[in-house]
Structure formats: structure tokens, C-alpha cells
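Construct all of the structure, not just a fragment, from the sequences and the given hints.
Number of protein chains: 2
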Amino acid sequence: MLKIYGVYKSRATRTFWLAGELGLTFEHVPVLQAYKLADPMAPGVRTNTRSPEFLAINPMGAIPAIDDDGLRLYESMAINLYLAKKHGGPLAPRDLFEDALITQWSFFAVSEMEANALKISMANAQGRLATEAGQAEADVASRLLKRPFGVLEQHFAGNDYAVGGRFTVADINLAEVVRYAQPYAPALEPFPHVSAWLKRCHERPAFKAMWQARLDEQE
Amino acid sequence: MLKIYGVYKSRATRTFWLAGELGLTFEHVPVLQAYKLADPMAPGVRTNTRSPEFLAINPMGAIPAIDDDGLRLYESMAINLYLAKKHGGPLAPRDLFEDALITQWSFFAVSEMEANALKISMANAQGRLATEAGQAEADVASRLLKRPFGVLEQHFAGNDYAVGGRFTVADINLAEVVRYAQPYAPALEPFPHVSAWLKRCHERPAFKAMWQARLDEQE
Numbered sequence: 001m002l003k004i005y006g007v008y009k010s011r012a013t014r015t016f017w018l019a020g021e022l023g024l025t026f027e028h029v030p031v032l033q034a035y036k037l038a039d040p041m042a043p044g045v046r047t048n049t050r051s052p053e054f055l056a057i058n059p060m061g062a063i064p065a066i067d068d069d070g071l072r073l074y075e076s077m078a079i080n081l082y083l084a085k086k087h088g089g090p091l092a093p094r095d096l097f098e099d100a101l102i103t104q105w106s107f108f109a110v111s112e113m114e115a116n117a118l119k120i121s122m123a124n125a126q127g128r129l130a131t132e133a134g135q136a137e138a139d140v141a142s143r144l145l146k147r148p149f150g151v152l153e154q155h156f157a158g159n160d161y162a163v164g165g166r167f168t169v170a171d172i173n174l175a176e177v178v179r180y181a182q183p184y185a186p187a188l189e190p191f192p193h194v195s196a197w198l199k200r201c202h203e204r205p206a207f208k209a210m211w212q213a214r215l216d217e218q219e
Numbered sequence: 001m002l003k004i005y006g007v008y009k010s011r012a013t014r015t016f017w018l019a020g021e022l023g024l025t026f027e028h029v030p031v032l033q034a035y036k037l038a039d040p041m042a043p044g045v046r047t048n049t050r051s052p053e054f055l056a057i058n059p060m061g062a063i064p065a066i067d068d069d070g071l072r073l074y075e076s077m078a079i080n081l082y083l084a085k086k087h088g089g090p091l092a093p094r095d096l097f098e099d100a101l102i103t104q105w106s107f108f109a110v111s112e113m114e115a116n117a118l119k120i121s122m123a124n125a126q127g128r129l130a131t132e133a134g135q136a137e138a139d140v141a142s143r144l145l146k147r148p149f150g151v152l153e154q155h156f157a158g159n160d161y162a163v164g165g166r167f168t169v170a171d172i173n174l175a176e177v178v179r180y181a182q183p184y185a186p187a188l189e190p191f192p193h194v195s196a197w198l199k200r201c202h203e204r205p206a207f208k209a210m211w212q213a214r215l216d217e218q219e
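Chain order of the listed sequences is A and B. Following the UniProt record's numbering, the numbering of the first sequence begins with 1 at its first residue and continues without gaps. Following the UniProt record's numbering, the numbering of the second sequence begins with 1 at its first residue and continues without gaps.
I should point out that these hints are in silico values taken from the structure, not numbers from a laboratory. A couple of the hints might just be wrong.
For identical chains, the list gives no copy identity; a pair is met inside one copy or between any two copies.
To be verified - DSSO-like mimics (lysine-lysine), calculated; alpha carbons at most 30 angstroms apart, straight line:
| # | residue 1 | residue 2 |
| --- | --- | --- |
| 1 | K85 | K3 |
| 2 | K208 | K85 |
| 3 | K9 | K208 |
| 4 | K3 | K146 |
| 5 | K9 | K86 |
| 6 | K199 | K9 |
| 7 | K199 | K86 |
| 8 | K86 | K208 |
| 9 | K9 | K146 |
| 10 | K199 | K85 |
| 11 | K36 | K9 |
| 12 | K146 | K208 |
| 13 | K85 | K9 |
Note that the structure is predicted; figures quoted are calculated from it, not measured.
This is the structure we're talking about:
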């Protein structure tokens, strides 16, 4: 049986969303990020990304990670590409060309957008977007996102989805990174086609179910 | 026919190396990074990553990019995974499990190592490794690389190669990122198995041929 390690308030959302789209049954192991604990190594503390039992699953100590009948895998984008291909259907690539493009967009999300989008998300999570320093930080991140968001804008002006004219795992992998920039309105405002595509993605029942589980999560 | 856009003094090395391993015939289009030119937009200036004709190939304006009989693709890691799968043989994944692991290591290289390894490479290329500021910078980068290099050390203590007991595209994608840290000796010294694996990779004729082309390249 598939095990997904990670909490809903983490990059694991992208894997929970995909699992929902695919209708997968899985065991959820709620491993928490160590930085959220005062002393992650203390005896009796809950399982976190620095616990020896989790480092045996992912030595990098990052979530999400999976164990799929013995295949241990980490790096969220690779996990999602694997699960989509294993279970097939419309979310998966249909041929090598689609595989190439879906993989390209997944790397694009990590290489060109994730670090800056996360800065906005973290500033928001830490309540700093209302401060002058937080706004300045979000403004710098948002200016650095202009080029990749412009690439997406051009793409979504002519396409409803990233690859193959339908919703695929590429849309999940992209949308979960673009979403991090949403708390700072000026980041997405100049890109109406990106905003419309993100809205389409977020209207999917599997996204909504994941988001509700995230809101309900007790840490 | 396959076209590879990019110069040898860039991330395109990973694609040139792979093309050599696979024995591919290709057309080389030597697009230069715009930041290396005083005025990349000036009339008559050579084709670079901000030239309109290259932005039509890769709107992100980054090298490498390819055109493979009409399939336009960018993001170097995605390009390498695609070319390996298209041409098959020992460098390609043999099944979905190997595909998952090869993809995982390729994301690992980008997410966990590339930004910090590049800092060392850039400090070296700009002649700053001999200065106190450059050394301090390389030292910070090298400390941030300790965790991912530790993961690789543990892996290569028990495995000659990244996946499947043989040299695959995963080794190219990892080695081309780990190489960036080589100019600062303290970064790799604590990791003898990583160093030995990197040496094995660099002894391959296709790496040596790529490296020679890089040394011979006129900008």
C-alpha cells in the first residue's frame, strides 16, 4: 500500500492533490517539518523530518516522501510524475513527447519559480506581508517572477492547460508553485491568463478536498 | 535533425555530454548567454539568450534548449531525460521504477545542490576564490552542500552509480551539478565516495570529448 509521508501544510499538498485526482487509497504518515518544533531531537517528540525513522525513508529529511510497495521515493515533483505514470489515465503523459513536456514544466516550476514564490508564501505565513520589510521582500520576489510568469502567460493565452489540451500532472506541479505567490496580489495581477488557469485548477474537486484537509489539519 | 542551442561554457555541457554518450549527430547552434555581452540587444550582435530568434525557441531565454524534429524543449534536465528515453540503451531507465529514481536524482540535483554549487563555480570563474570575500562565499555554499553531499556519500558508499548499478543519465545530471563545487576543495574533501564516483564519470570518453570542445570554444 502507498504511504505518503508529510503534513498538509508543506510541499506534500501537491502529492495529496494528485492522489485525490487519481482516487488512490493511501496511508498518511503526518511527518512534521523539524523547524516547526522547539527541539526536534528531544526524546518522545513527534515524528519529524529529523527523526531517525524518517531519515531512513528520505535521508535528505524533506517532505513529501513516499513508500509505494517498497519503492522509496522523494523529491515531490518526481513522486508526482511517477504516481501519474504508474496509474495512467488523462493526468499521465500519453507518449514520449508529452512525457518530455510534462517533465519540462515540472523542472521549470522548480528552477525558475519556486524559490521566489516561496519567499512570498513564507512572508505571508509569518504575518510579515503587512510590514514594510515584508512588502519589500515580496516586491523583489515578484519582480524576479515576472519572466517565468510571462512565459506562462504567453502559454496560457493559447492553451487551457500546460500539456495536451487537458489537465495533467504538469498543471498540478506548476499550480502548486504559482499558488505560493497568490498572497501578494501585485505578483499575479499582470498575468490574467495565468490567474484564470490557476482558478480552473483550484475549482477541481480534488484540489478543494485537499485544501479542506489542510485547513482541518491539527499540528 | 536534432539542434542543440547553447555554448559549451554553460549548462549545455550536460546535454553535449549526453549526446556524446548516445553517439548522436546534431547541429550545434552556439547561442551565448546575454550577460556575457555588453549590449545583447544592439543591432548586428551575435545570437544570444535575449535575441528574438532564440526567445522563439525558449521564451525563458536560457540555454540549453533543443529542437528535435519540431519538438522544442528547454530545462536541461528534462532535455536529458527525454533524449535518453528516446534513444534507449543502458543510459535510459529500463522500467517505471528506474524512471522514477532517475527523475528523483535529477530533481535532487536542481533542488538541493545547484544554486549553492553554482556559487562556487561562479566565484571561481570570476577569479574571486583567491580573495577573502570569495572564500567566505564558497565556505557558506560548501556548508549548505553538506547535507545533500552527505546523502550522495551514503548512496555511493554502496553503489558505483546512481541507479541500476550502471552509468545512466542520472549520473550525468548529478555529476554536472556536483562538478560546480570542485574548484573549492573543502566542499568535496569530506566525501570520498562522491569524489571517486565523480572521477569515474569524468573518465568516460564522452565527458573528455565534451570537455575538450569546451576548452577549445572561442567566444
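Results of checking the hints against the structure:
1. K85 - K3: Classified as both: same-chain Cα gap 17 angstroms, cross-chain 28 angstroms, threshold 30 angstroms.
2. K208 - K85: Within one copy, since 23 angstroms is at most 30 angstroms while 35 angstroms is not.
3. K9 - K208: Answer is within: at 14 angstroms inside a copy they meet the 30 angstroms cutoff, but 46 angstroms across does not.
4. K3 - K146: Result: close only across copies, 28 angstroms inter versus 37 angstroms intra.
5. K9 - K86: Within. Shortest intra-copy distance 26 angstroms satisfies the 30 angstroms Cα cut-off; inter-copy 38 angstroms does not.
6. K199 - K9: within (20 angstroms within a copy, 41 angstroms between copies)
7. K199 - K86: within (27 angstroms within a copy, 35 angstroms between copies)
8. K86 - K208: Answer is within: at 24 angstroms inside a copy they meet the 30 angstroms cutoff, but 37 angstroms across does not.
9. K9 - K146: both (26 angstroms within a copy, 26 angstroms between copies)
10. K199 - K85: within (25 angstroms within a copy, 34 angstroms between copies)
11. K36 - K9: within (11 angstroms within a copy, 41 angstroms between copies)
12. K146 - K208: So K146 and K208 pass the 30 angstroms test inside one copy only (28 angstroms; across, 38 angstroms).
13. K85 - K9: For K85 and K9, only the intra-copy Cα distance (25 angstroms) is at most 30 angstroms; the inter-copy one is 35 angstroms.
In summary, the structure agrees with every hint in the numbered list given earlier.
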